[in-house]
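Asker: So the protein lines, in turn, are chains L and P. In terms of our numbering, the first sequence opens at residue 1 and continues consecutively. In terms of our numbering, the second sequence opens at residue 1 and continues consecutively.
Rather than coming from a laboratory, the hints here were simulated on the basis of the structure. Some hints could be false.
Any copy, or any two copies together, can satisfy a pair, since identical chains are not distinguished.
Distance condition first, Cα-Cα at most 27 Å in a straight line; then the derived DSS-like pairs of lysine-lysine [stated by the list, open to error]:
id: 1; residue 1: K50; residue 2: K134
id: 2; residue 1: K10; residue 2: K87
id: 3; residue 1: K55; residue 2: K10
id: 4; residue 1: K87; residue 2: K38
id: 5; residue 1: K163; residue 2: K38
id: 6; residue 1: K38; residue 2: K10
id: 7; residue 1: K50; residue 2: K38
id: 8; residue 1: K50; residue 2: K10
id: 9; residue 1: K156; residue 2: K50
id: 10; residue 1: K10; residue 2: K134
id: 11; residue 1: K10; residue 2: K163
id: 12; residue 1: K156; residue 2: K10
id: 13; residue 1: K156; residue 2: K55
id: 14; residue 1: K10; residue 2: K64
id: 15; residue 1: K38; residue 2: K164
id: 16; residue 1: K10; residue 2: K164
Because the structure is a prediction, the values reported are computed rather than measured.
There are 2 protein chains.
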Amino acid sequence: MNFCTQCGAKVTLQIPEGDDRPRFVCNGCATIHYENPKMVVGTIPVMENKILLCKRAIEPRRGKWTLPAGWLENGETVTTCARRETKEETCAQVEELRPYILVDLPFINQVYLFFRARLLHHDFQAGTESLEVKLFNPADIPWDELAFSAVHETLKFFCEDLKKAEFPFRIIDINPHEKGSIFCAEKRISK
Amino acid sequence: MNFCTQCGAKVTLQIPEGDDRPRFVCNGCATIHYENPKMVVGTIPVMENKILLCKRAIEPRRGKWTLPAGWLENGETVTTCARRETKEETCAQVEELRPYILVDLPFINQVYLFFRARLLHHDFQAGTESLEVKLFNPADIPWDELAFSAVHETLKFFCEDLKKAEFPFRIIDINPHEKGSIFCAEKRISK
């Protein structure tokens, strides 16, 4: 950030009075510009214990497999976003959304939220951002060809949960520099 | 938003090519500025079925009661944020964090996330942003003196769950113009 969104003057990184971390502050109008993590919301579309994945048609990670997900937009709820992204990327409608996992990625200021959801029909097909969409048996998931670590971890938990048919809501974090932790709606488990 | 953060030129609200909603686009360098919802993260600190609330010392809603919570910062995880805000506002340390509820407020572009947590000691006291902190029996919660609708709804669910000692993770939305809905990790319930 170089310029103030309000008045166009230059900004300087400084710790405002009463604050404890650096913010971009306007040299002209003194507006403090806060920057916060963004949410990515999506679904795990499931039909007969198979999972619908999308091969990305866009960068980053073009050609890699992922779950349908995207940025939460202003004015929409997380469930609206989950349905919209699933529709955009797989042309599929999903039902019976259940909160499944929240993945913290503090090193890139992102928070992923995935719902598991029921895929009712076989009328899915690649949306404009996908090269291909395909149902995978857990045993056939292309683990080395997944686009994002958040998707990798989500699918890892989900495939384990499928065996037990138990899906406790979890909050996990991925941090390349530290050992992560798992906070479960039922109990806390150390990794 | 009036000016581009990158080059300082004026921005115009327009729908970029391939997009479906208006964004602020720079008239100079063509940077597209995306705006997304922000997360507010906090705890429900509990000791012997009593809930710790804070009376706000700052605007908005100075003098009203709330749960300890605040903006998720870049570089921190949701659990770090929940602990930090609880410490800042009540001087208390909480343990055994469990994801409890996510509250969507699409009309103000906010997503609240609350953990229930165990308050281990009576050494809480008002932090700089609180006038007073106090343990409340569910029967004594000052419902008409709560600061925010997200806190009101969270406490309403929590007091009901306390009676049953069951705490399913829920995602709810609050929208003054529409009937809300509840998405539960266990089952979906219509309001």
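Asker: Give a verdict on every hint.
Answerer: Here's how the hints hold up against the structure:
1. Taking the shortest Cα distances, K50 and K134 sit within 27 Å of each other inside one copy (9 Å), while across copies they are farther apart (50 Å).
2. In this assembly of identical chains, K10 and K87 lie within 27 Å of each other by CA distance neither inside one copy nor across copies; the values are 41 Å within and 35 Å between.
3. Within a single copy, K55 and K10 get their C-alpha atoms no closer than 42 Å, and across copies no closer than 38 Å, so neither meets the 27 Å cut-off.
4. In this assembly of identical chains, the alpha carbons of K87 and K38 lie at most 27 Å apart whether taken from the same copy (21 Å) or from different copies (24 Å).
5. Taking CA atoms no more than 27 Å apart as the test, K163 paired with K38 passes in neither setting, with 32 Å inside one copy and 35 Å between copies.
6. Both within a single protomer and between protomers do K38 and K10 lie at most 27 Å apart by alpha-carbon distance, with minima of 25 Å and 25 Å respectively.
7. Taking the shortest Cα distances, K50 and K38 never come within 27 Å of each other, neither inside one copy (29 Å) nor across copies (33 Å).
8. Taking the shortest Cα distances, K50 and K10 never come within 27 Å of each other, neither inside one copy (53 Å) nor across copies (49 Å).
9. When the C-alpha separation of K156 and K50 is checked against a cutoff of 27 Å, the pair qualifies only within one copy, where the shortest distance is 14 Å, while the shortest distance between copies is 38 Å.
10. Within a single copy, K10 and K134 get their C-alpha atoms no closer than 49 Å, and across copies no closer than 44 Å, so neither meets the 27 Å cut-off.
11. Proximity of K10 to K163 under the C-alpha cut-off of 27 Å is found in neither arrangement, the shortest distances being 56 Å within a copy and 55 Å between copies.
12. For the homomeric pair K156 and K10, neither the shortest alpha-carbon distance inside one copy (46 Å) nor that between copies (46 Å) is at most 27 Å.
13. Taking identical chains as interchangeable, the C-alpha atoms of K156 and K55 lie at most 27 Å apart only when both belong to the same chain, with a minimum of 18 Å there against 43 Å between chains.
14. Proximity of K10 and K64 under a CA criterion of 27 Å is satisfied in neither setting, with 40 Å inside one chain copy and 37 Å between copies.
15. Taking identical chains as interchangeable, the C-alpha atoms of K38 and K164 are never at most 27 Å apart, the minima being 32 Å within one chain and 35 Å between chains.
16. With identical chains, the CA atoms of K10 and K164 are never at most 27 Å apart, being 56 Å at best within one copy and 56 Å at best between copies.
Of the hints listed earlier, those the structure fails to meet are numbers 2, 3, 5, 7, 8, 10, 11, 12, 14, 15, 16, in rising order.
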